[in-house]
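Participant: Throw the hints in and build the complete structure from the sequences for me.
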Amino acid sequence: MVALTDIRLILGERLDLRTDEDSERLRAQLEASLSGEAEMDPAKAQQMAYYDFLSWLQESLTMALMQR
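Just so we're aligned, residue 9 is where the sequence shown starts under my numbering, counting upward by one.
It is possible that some hints are incorrect.
With beta-carbon atoms standing in for the labels, derived distance ranges [what the hints assert, rightly or not]: (1) A46 - R76: 41 to 51 angstroms; (2) R76 - D24: 29 to 39 angstroms; (3) R33 - F61: 13 to 23 angstroms; (4) S41 - M74: 29 to 39 angstroms; (5) A46 - I18: 20 to 30 angstroms.
Hints are computed from structural coordinates only; laboratory data are not their basis. Built from N, CA and C at the ideal position, the CB exists for glycine as well.
Facilitator: What follows is the structure in structure tokens.
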């Protein structure tokens, strides 16, 4: 769990995620890129995918541990 948190913090820093507004802005950029309205750096899109996956994994593990 600690390692997941550390990795998410590093990715969040690289993506400049500090507030909820930053997250919403980045998600809007990704949606615009996917719809063809804008360009997005592929490396940044990949980092977002990793961040989202690790967030889901951390939440799932937390929920599993709370049920024990």
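Participant: Hint by hint, say whether it matches the structure.
Facilitator: How the hints compare with the structure:
no., hint, in the structure
1, A46 - R76: 41 to 51 angstroms, "holds, 45 angstroms"
2, R76 - D24: 29 to 39 angstroms, "holds, 36 angstroms"
3, R33 - F61: 13 to 23 angstroms, "holds, 20 angstroms"
4, S41 - M74: 29 to 39 angstroms, "holds, 36 angstroms"
5, A46 - I18: 20 to 30 angstroms, "holds, 26 angstroms"
Violated hints for the displayed structure: none, as all numbered hints are satisfied.
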